[in-house]
Amino acid sequence: MVGGLKRKHTDLEEEEEDEKWNWGPAGLRSYQQALLRISLDKVQRSLGPRAPSLRRHVLIHNTLQQLQAALCLAPAPVLPPEPLFLGEEDFSLSATIGSILRELETSMDETEPPQNPVAPPGPQNEGLPQPDPVFLEALSSRYLGDSGLDDFFLDIDTSAVEKEPALAPPEPPHSLFCAPGSWEWNELDHIMEIILGS
Amino acid sequence: MGEDTDTRKINHSFLRDHSYVTEADIISTVEFNHTGELLATGDKGGRVVIFQREPESKNAPHSQGEYDVYSTFQSHEPEFDYLKSLEIEEKINKIKWLPQQNAAHSLLSTNDKTIKLWKITERDKRPEGYNLKDEEGKLKDLSTVTSLQVPVLKPMDLMVEVSPRRVFANGHTYHINSISVNSDCETYMSADDLRINLWHLAITDRSFNIVDIKPANMEDLTEVITASEFHPHHCNLFVYSSSKGSLRLCDMRAAALCDKHSKLFEEPEDPSNRSFFSEIISSVSDVKFSHSGRYMLTRDYLTVKVWDLNMEARPIETYQVHDYLRSKLCSLYENDCIFDKFECAWNGSDSVIMTGAYNNFFRMFDRNTKRDVTLEASRESSKPRAVLKPRRVCVGGKRRRDDISVDSLDFTKKILHTAWHPAENIIAIAATNNLYIFQDKVNSEMH
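Protein chains in written order, with this note's numbering: chain A, 1 to 198; chain B, 1001 to 1447.
Source of the hints: derived by calculation from the structure; they are not laboratory data. Using N, Cα and C, we set each Cβ at its ideal position, and we do this for glycine too. Don't take every hint at face value.
[As the list claims (entries may be wrong)] Straight-line distance between alpha carbons at most 27 angstroms, and here's what the computed DSSO-like set of lysine-lysine pairs gives:
(1) B:Lys1119 to A:Lys42
(2) A:Lys42 to B:Lys1413
(3) B:Lys1084 to B:Lys1125
(4) B:Lys1263 to B:Lys1244
[As the list claims (entries may be wrong)] Just the calculated beta-carbon pair ranges, DEER-fashion:
(5) A:Gly24 to B:Asn1170: 34 to 42 angstroms
(6) A:Asp41 to B:Tyr1082: 27 to 35 angstroms
(7) A:Gly27 to B:Lys1084: 42 to 50 angstroms
(8) A:Gly27 to B:Glu1317: 34 to 42 angstroms
(9) B:Val1145 to A:Pro49: 29 to 37 angstroms
(10) A:Gly24 to B:Arg1399: 27 to 35 angstroms
(11) A:Asp41 to B:Glu1079: 43 to 51 angstroms
(12) A:Asp41 to B:Phe1411: 17 to 25 angstroms
[What the hints assert, rightly or not] Partner residues aside, some chain A positions facing chain B, computed with beta carbon under 8 angstroms:
(13) Ile38
(14) Arg56
(15) Gln66
Required output: the full structure, derived from the provided sequences and hints.
In structure tokens, the structure reads:
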């Protein structure tokens, strides 16, 4: 007796397709972007009332770094890749990760008001911190509350997000994303728009 | 196996109501004591359940004693870290028994942050006939005491008492993943994601940090400690594994802080298998010294490996646990299964190794004959005293009648925690909220 037939075959056919990538340049890139989406989704969803697993975070982070390196090295596809990010050139991967991570940071720091709410009014889409330090500092803040974290974000004006949530109602997701998935896309887009100064 | 696998039968299974599985009931660790007489489980609800092997029946001297519930107690409670606004789970991450030194048994249990030492004692007599106290323990009216009597011990029903002896708190900033009692029987260590501490079993207010891999800047962090264990015979040696797939053997005689390892065990990556998931699947989820102390057993996502302490360059044996998942890594990454921490175990003679898999399957590998077997711990397919049939996962192609397709595996049914009796072929398998205990039929008939 086969005791473990839990799923129907129709479900499986679809999953199989996931495995069979077209490994042309476009296929490879869309695969990498799918992985990127999954990874960022994991970062986003890991926020909860409990400290997340550091092992899992470090492994996801290292994977993100590999993806970032691969996507930077990969030649531009002939056809625009379908899924996920319709990466405009000025909307770099670093900025994407960075903005999402800052959004996470904002939500994590809600108990501690920013030390310097009147942030330097410098151009907010320039001189953004690299995504990796942000990510790991975010992690460390969950664990240690290491000092120095606030210094990292002194130049980021989160006051707009905190004080005026209703002034800029979220617009429908435009061309940045075309696969809304399970994220809170509106909120994320809103924060990105603020960060990108749009 | 030395003995045929299909001769294994279920000795006893402790099955809670299958249709009502709460998160708190999920078993999170399983551990035999040093004689195998006791078996402890910890669960996500912070409870510890101890099973005791019943003595052999006089009526049926050839039958093996079965494991029955001996004691249950609440080891850890949920807490809240007000400084960091984080919940601290009550989930028992690990249990380790201390070598028995008197009539009492002792064990260490730990959640993410706090380690506790528990003493388990039996009482089958109670004192009666106090001069100043009545039966309920209340003080008597002294004017009614007219004569003195000698209190006596009267037999009573056996009572198992569990009492907390020590609480080792505030030693860890990160999540404790391992505890290990040293062979000196006086000290133990606890490992979290970035640090390993050495404690004296009698001292709770200080510990020595023996490994610290936390970088000065957390942005430089690329590796965490995943498991750690003391050598079974040499009290100065311990090993810890990392998320990058390496093992570091440290000698506490070399320096007080063992940041510099004595030996680094690492296998070069196979370029033909390289993918974005290479690092994740090479992350070591468990490391166990063999009973002899000569070998180390490690588990990563797809394989289990045996390392010789005298050879650092590569493992001496590598066994595929479920290689058919290699093509499914993307899905397993997406559903987070790729981060599951499977444990591994040696048998008493270090000749067979065991580890868990998905679909309530677990795997055994005979190191001598190189035979391997997949068995299933499930209520549907096994009844008490039934014989376990080997299972087979087929990957396309020919499919036999009882085979299960790789696409039909249930990834929510995972066997992460297993334990092997220190001397006999009795194994304990934690399958979600069920504990299965299997024993070798051949062995029991030989007795």
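- Structure-inconsistent hints, enumerated in ascending order: Result: hints 1, 3, 5, 9, 11 break, sorted rising.
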